[in-house]
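Mind docking these for me? Both chains are given alone in their own frames, and the hints should help you get the complex.
From first to last, the protein sequence lines are chains A and B. With the first letter of the first sequence counted as 1, position 24 gets the number 26 in our numbering; the numbers rise by one all the way through. With the first letter of the second sequence counted as 1, position 196 gets the number 334 in our numbering; the numbers rise by one all the way through.
Among the hints, a few may not be true.
Said to hold, decoys possible - Part of the chain B face toward chain A, derived, beta carbon under 8 Å:
1) Ile-190
2) Thr-191
3) Leu-193
4) Glu-212
5) Ile-220
6) Thr-226
7) Asp-228
8) Met-231
9) Leu-243
10) Trp-359
11) Asp-407
Calculated directly from the structure, the hints in this document are not laboratory data. All residues carry an ideal CB built from backbone N, CA and C; glycine is no exception.
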Amino acid sequence: MQKGFLTVYWRDMIRFFRYKSLLFSSLLQPALWLAFFGVAMASNFDRYTSGIPVPPGGFSIGYLTFMGAGMIAMTTLFTSLYGGIIFLFDKNWGLMREIIASPLPRTHIIIGVGLSGVTKSFIQVIIITIFGILLGVQFFLGYPPLQIGIALIGIFAFVGIFALGFIFFSSAIAISMESPEGLQGVITLLTMPLFFVSNALYPIDSFPSFLKAFSGINPLTHMISGIRYFAIGSDFYALGTHYFNTPPQIVSSFMGLVVFAVVTFLLARWRFSKVVVT
Amino acid sequence: MSDAIIEVRNLSHWYGHIKAVDSVQFEVKKGEIFSFLGPNGAGKSTVINILITLLPIQHGEARIAGYDVARDPEKVRDSIGIVFQETTLDRDMTVYEILEFHGRLYSMSKDSRRTRIDELLTLVELEAKRNTLTKHLSGGMKRRLEIARGLMTRPTILFLDEPTLGLDPQTRLKTWEYIKMVNADGTTIFLTTHYMDEADHLSDRISIIDRGKIITSGTPWDLKNRLGEDVIYMETTDDKRTEALIGKETEVRSIKRKERGISVMIQGDGTRVLPALMEKVREAGIGVEAVNLKKPSMDDVFVHYTGRQIRDEGLVQSVTKQVAGKE
Ligand SMILES: Nc1ncnc2c1ncn2[C@@H]1O[C@H](COP(=O)(O)OP(=O)(O)OP(=O)(O)O)[C@@H](O)[C@H]1O
Ligand SMILES: [Mg+2]
Chain A
3 MQKGFLTVYW RDMIRFFRYK SLLFSSLLQP ALWLAFFGVA MASNFDRYTS
53 GIPVPPGGFS IGYLTFMGAG MIAMTTLFTS LYGGIIFLFD KNWGLMREII
103 ASPLPRTHII IGVGLSGVTK SFIQVIIITI FGILLGVQFF LGYPPLQIGI
153 ALIGIFAFVG IFALGFIFFS SAIAISMESP EGLQGVITLL TMPLFFVSNA
203 LYPIDSFPSF LKAFSGINPL THMISGIRYF AIGSDFYALG THYFNTPPQI
253 VSSFMGLVVF AVVTFLLARW RFSKVVVT
Chain B
139 MSDAIIEVRN LSHWYGHIKA VDSVQFEVKK GEIFSFLGPN GAGKSTVINI
189 LITLLPIQHG EARIAGYDVA RDPEKVRDSI GIVFQETTLD RDMTVYEILE
239 FHGRLYSMSK DSRRTRIDEL LTLVELEAKR NTLTKHLSGG MKRRLEIARG
289 LMTRPTILFL DEPTLGLDPQ TRLKTWEYIK MVNADGTTIF LTTHYMDEAD
339 HLSDRISIID RGKIITSGTP WDLKNRLGED VIYMETTDDK RTEALIGKET
389 EVRSIKRKER GISVMIQGDG TRVLPALMEK VREAGIGVEA VNLKKPSMDD
439 VFVHYTGRQI RDEGLVQSVT KQVAGKE
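Just chain B, with the same shape it has in the complex (with noise of 0.2 Å):
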């Protein structure tokens, strides 16, 4: 408990009749980086605004650095940095208008908005367009300047939602390397998204969220393990003898035979099953030529709790945009 920066209990959230958000419960220690997975409509965002005190509490409790959202939303509001979903620039002010007024709206002194608009502009490379309009600035441009602008008050929680949304492959990997920056600095990051390679390679911890419930928790590590679906594929000087050998072992589920070797599904953790399967493998004399061990994917993970893919063309996209990326 004294090492939760929030804490949601019992959240719900109905719009008129919809309920958007149901009964949601997490925790979010210190200094981790905490994801919310979900499809789009799943009711990220409005967990996220009732967070940051944009939406009222209709039911439940949140506390965030120690403050009661309902009760002292003022205290919550100075603990707290945003980017929100849609981009939220003034068109007509500069980059360093955005980052100044963002400063004296928090109330910093004069000298720590200067040094740290330095600093940021640095941080997110955008020295150059120091004087620039963000009408003119690239939507990966944009992205990075509103960032910037949710560090400027060097918050304790920084509320991300869905940051790379829309953002070209490159500037996606570069937006993660700030945020685990950032983390590394020691601020605690709450983020959403709906792509499974964002969560799976950003979060300590990931909820998956799916039409206003959270269905479940964990580290990628373990949402990945916990579908008990791991692969060694093996090739050995005796592929048969293998399999024979192996198959008696309680984790192995089941075995097929390949064009060259045999892939081996694993109830449980594989990383800790292999180690004590080549040892057995080789006491019998068999010689191991290759093995590679696959954990199944967010994607994998995610079918498997929600029992199907993500609906939207969210997927679509982000698949399709890594494939471009690789060309």
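Okay, chain A solo, but in the shape it has when bound (with noise of 0.2 Å):
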């Protein structure tokens, strides 16, 4: 029994490599911002802030790569968000029912979702980061091959924990949900001020108090913070700020991803021995 989380991401994943059309319209969103936005941004920023003097020594990188770490972000947030569907299906095609009645506990439901859900997302950033360093993204500059692995387990470390922690809140509130509806109208309110109120698309350090505040706890500048160490580098001039990370700093934003995800991870257990199927 201890292997039936197994059972669900089995599951999971099966649907997941059958409707390969998801793991297309989930890459498209990422695909067209990085082409069409940040090719665009990256040609207007680039030329204003290369007047911005960086000082002697100093590693300035383009916007492009700038935001190939927010593209990557956007794109496991969405995934993850989404991730909790599955079981709004399985109560309406009654799926969930025979889950329920099988001596398999709740909490592997959740886990065999939330790694499937990461899975998913390591996919993902794999062809993100790819099409974006075709298209000029510079991450790794520099890197010994030892380095870029080390630098991968790093984002997938980032990614993982941040994948899971979103899985599971989705799962919380799909499995306390009756309709598609009411997710899809709690991603559209969440998505918007996560993404903007982060450091995707922008540096943070300009923001008004309350903005900066609310961006400091948000899950998404954490990851994207630890995205930029493993893929850039500790210390970058970019958008003419100065980017510089020590390790435990690194820490302490993966530290407070474990956090988030252990707290939805209780909220999303609580909810599922909350549930009744009939």
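Structure follows, in structure tokens:
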């Protein structure tokens, strides 16, 4: 019974690979952002910011590279927020009953769907990264192979824990709802502020203080910091802002995401324990 | 008590203010096919859902395969198979994957999953559909797949909630065959139905349930006998004398002259009375040309105990289907 979550994982992955359109549509949005918004903004920003002096020895990156991390984050956020939608389908098609009436502990259902969501995010991250690099995103610049390996592990760690947090959250909402429209509403309500009040597209240093406070507790901000740390470096300049992260800062960002995932897991576990399906 | 595999005592269930199940009490013996027969909304699914641990026990007690449903729900889940009233198949999975998923859910080993799936697909005649998505199956195939799934884990007890709802007559008969086969293999079966003929044909024992209450229980045979309305039809060489002769018997309620023979209303079990009557008639030197014993149908039983026909369209459907099936 210890491996029960793998059953849920297996089933979710079958569906994912059977319907590749889902994969494509989830990749379309970040691809379009990168290709149009990213390239267009880069051509402007890079012109303005090239006038801002970078101290000698400072490492400056282009806008496309800067927002590349934001696009990885956006994709992960969307996919994870929709991760719980399977429970709404299962409730409607009655499959939830089969699972709930089986000896499988309910936490395994949550963990299984969480892991399949993480897997999907990893696949997407790989594709977005390759696509971005082809467009001109300068990740892993000058990294020897070993360092690229470490960087990838770091990025996956951040993406993974972040994805888990939002899948658990989405599962908790979905299992408490009757129809997909409700979940859709919650997702729409959440994505805009989460995305725009984060460091995905621009630096947060010059935000008004309350927005800055919000972005400081925004999990998206912490994930993006982590991705930039591993993909670009610990010390660089972008859009005239100096980005400097020490390992303890990155570890604390990661721990923040762990706490977020634990809290949403407990929330989901509580919602699942209340579920009555007949 | 020892051979009871399901014991239910004083079970009641409310949905808000509606009392859907009202002090229900019954036992199912190991190895039997036991049916709940009742109209829509009688509370059949509610009882099943409580027994399979999907609904909490609000009031009363239930033991399944020796485990208390309230205290040991996991043990109960391990001992039972379920076929729900509504289809519960993932439309985007294949027949094989549905069974494989179920086997994994119940932690079956890889080998036993493989052999069991092969066995069951043969049993329900779905080998050819092994890799078909369930959304491309017909209603009857889906039902058969669900029955196969219910049997994956070789449960001690199989719960079937309206197993043949919406199936065509041939598929119904097939499904009945599967159910009997499974039962012959040693699986105890608890099923609900609102088809009289189904309960009659399949069950070792039936409880008639209406408006949350069990109205009466017994073997189909018992239930019909209890009505005491067996009718013997006879054609003899001398109907007049026969009538006078057997009209005095205590078991005979009344006699009606028919166009050719006579119709004798019997008090009690007609099969037990018939031989004696025949003997008497023959002793009197009257020749018997034709005999027919008609027992009351389950429909008669239902009307008798509930004071009305099964009220919903379910009966109408069942009847029209049978009629359609005969043509
Ligand atoms: N989830 C629910 N919430 C409120 N009332 C319910 C619920 N489920 C069932 N009921 C009510 O409880 C009663 C019994 O319903 P139940 O589903 O057990 O009947 P049933 O015998 O299975 O009927 P059917 O033959 O239609 O399946 C009905 O009056 C029904 O309206
Ligand atoms: Mg029902």
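Hints versus structure:
no. : hint    : verdict
1   : Ile-190 : 5 Å, holds
2   : Thr-191 : 7 Å, holds
3   : Leu-193 : 6 Å, holds
4   : Glu-212 : 5 Å, holds
5   : Ile-220 : 6 Å, holds
6   : Thr-226 : 4 Å, holds
7   : Asp-228 : 5 Å, holds
8   : Met-231 : 7 Å, holds
9   : Leu-243 : 4 Å, holds
10  : Trp-359 : 34 Å, violated
11  : Asp-407 : 41 Å, violated
When held up to the earlier numbered hints, the structure conflicts with 10, 11 and fits the remainder.
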